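Just so you know, the protein sequences line up as chains R, A and X, in that order.
Each position in the first sequence, counted from 1, maps to that position plus 24 in the numbering used here.
Each position in the second sequence, counted from 1, maps to that position plus 24 in the numbering used here.
Each position in the third sequence, counted from 1, maps to that position plus 24 in the numbering used here.
In short, the hints are calculated from the structure, not lab data.
Careful: at least some of the hints might be erroneous.
Which copy is meant is left open, so a pair is good if it fits within one copy or across any two.
Claimed, not checked - Derived lysine-lysine pairs resembling BS3-like cross-links, with alpha carbons at most 25 Å apart:
| # | residue 1 | residue 2 |
| --- | --- | --- |
| 1 | LYS118 | LYS142 |
| 2 | LYS118 | LYS141 |
| 3 | LYS39 | LYS114 |
| 4 | LYS142 | LYS39 |
| 5 | LYS142 | LYS114 |
| 6 | LYS39 | LYS118 |
| 7 | LYS39 | LYS141 |
Since the structure is predicted, the reported quantities are computational estimates derived from the model, not experimental observations.
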Amino acid sequence: MPHLALEYSANLEGKADIAALCRELHAAVMASGLFELGAVRVRAFAAPHYAVADLDPRNAFIDMSFRVGQGRTAVDLRSAGELIFAAATKHCAKLLAEPHFALSLEVREINSELSWKKNAIHPRLRGQ
Amino acid sequence: MPHLALEYSANLEGKADIAALCRELHAAVMASGLFELGAVRVRAFAAPHYAVADLDPRNAFIDMSFRVGQGRTAVDLRSAGELIFAAATKHCAKLLAEPHFALSLEVREINSELSWKKNAIHPRLRGQ
Amino acid sequence: MPHLALEYSANLEGKADIAALCRELHAAVMASGLFELGAVRVRAFAAPHYAVADLDPRNAFIDMSFRVGQGRTAVDLRSAGELIFAAATKHCAKLLAEPHFALSLEVREINSELSWKKNAIHPRLRGQ
């Protein structure tokens with residue numbers, strides 16, 4: 025944790041730089057001040073098949089799911105969500121200027137009683 | 025919202041028309057009467073690696089996750105789920121007639137307090 | 025149900041045998057004694073785009089999501105999670121020995137009121 029996973033329609037390939045977006049969202053997650061660098065995992069998956077709105081072939085979407093460990097306040101979670109969504113909105117400004125694009129974000133807590141993790145990156149970064 | 029995401033075993037490529045299934049599920053979502061056209065986002069992701077049931081290489085699955093905004097009644101959510109699952113069942117009739125296929129659907133609400141969205145498609149379709 | 029879905033950074037291709045991992049996790053799910061063989065669906069999705077920790081290109085992750093039907097005790101769910109995570113940890117021992125890898129698992133219940141399923145595999149395996 026935290027885990028930020030993006031799903032997007034494959035017609036965005038060539039219209040959006042998803043690798044760059046992942047890095048910008050990573051920076052937004054860190055800017056919240058709530059998370060440890062070694063734990064941040066942003067990733068994106070293209071959907072080759074999709075059916076969006078009125079099925080215009082130009083229709084496209086990016087849907088983001090941010091999952092975090094329990095224990096943060098609602099205010100903190102909303103603040104992190106705002107930062108992430110603002111970074112995505114900035115990256116997608118051109119797409120949002122066309123009438124064929126939808127952007128979304130859901131934040132969700134992971135039940136710590138039903139969560140397991142091993143992170144070999146933490147010792148390296150904590151030791152710096 | 026609403027978001028309908030499918031995960032399926034890659035051995036269905038060539039045995040099922042997943043793009044057509046996405047369009048049929050989109051029609052089922054709209055048939056519920058609960059959602060706005062501009063908001064519907066159906067998509068599908070093939071899993072290249074999988075291990076299903078007794079590991080027979082013919083084993084395959086489609087698992088659907090439908091996420092919607094808060095505020096609808098349980099009756100409405102169940103009704104939308106029924107329509108979506110009926111459409112999927114119809115599309116998968118041949119697959120379900122063989123003893124190697126499993127189909128599933130989960131419906132889940134998105135916490136509106138932890139949800140963000142920008143939809144540039146709405147103004148175009150609302151204006152029609 | 026049960027559904028075990030893995031997301032992993034695509035740089036693990038060639039470093040990890042994800043197909044073998046799926047089979048080993050399938051065995052762990054069955055070893056819990058809580059699930060019926062015909063229902064087990066393990067699958068894995070590679071993320072071609074990602075941004076992990078300090079963005080070192082060697083950084084990699086596997087994140088597992090295990091979704092099960094309602095009705096099991098918290099003790100049973102934790103026990104199944106332990107078995108799955110132990111199997112993943114064993115498979116990833118070499119990766120975890122390097123300071124560039126993170127492994128995680130979340131277990132979550134599916135609301136049975138908002139769940140639909142048809143399983144054509146069950147009759148075949150139950151009849152054996």
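Checked hints:
| no. | hint | verdict |
| --- | --- | --- |
| 1 | LYS118 x LYS142 | between (39 Å within a copy, 13 Å between copies) |
| 2 | LYS118 x LYS141 | between (38 Å within a copy, 16 Å between copies) |
| 3 | LYS39 x LYS114 | within (15 Å within a copy, 35 Å between copies) |
| 4 | LYS142 x LYS39 | between (36 Å within a copy, 18 Å between copies) |
| 5 | LYS142 x LYS114 | between (34 Å within a copy, 12 Å between copies) |
| 6 | LYS39 x LYS118 | within (9 Å within a copy, 38 Å between copies) |
| 7 | LYS39 x LYS141 | between (36 Å within a copy, 20 Å between copies) |
The structure shown violates none of the earlier numbered hints.
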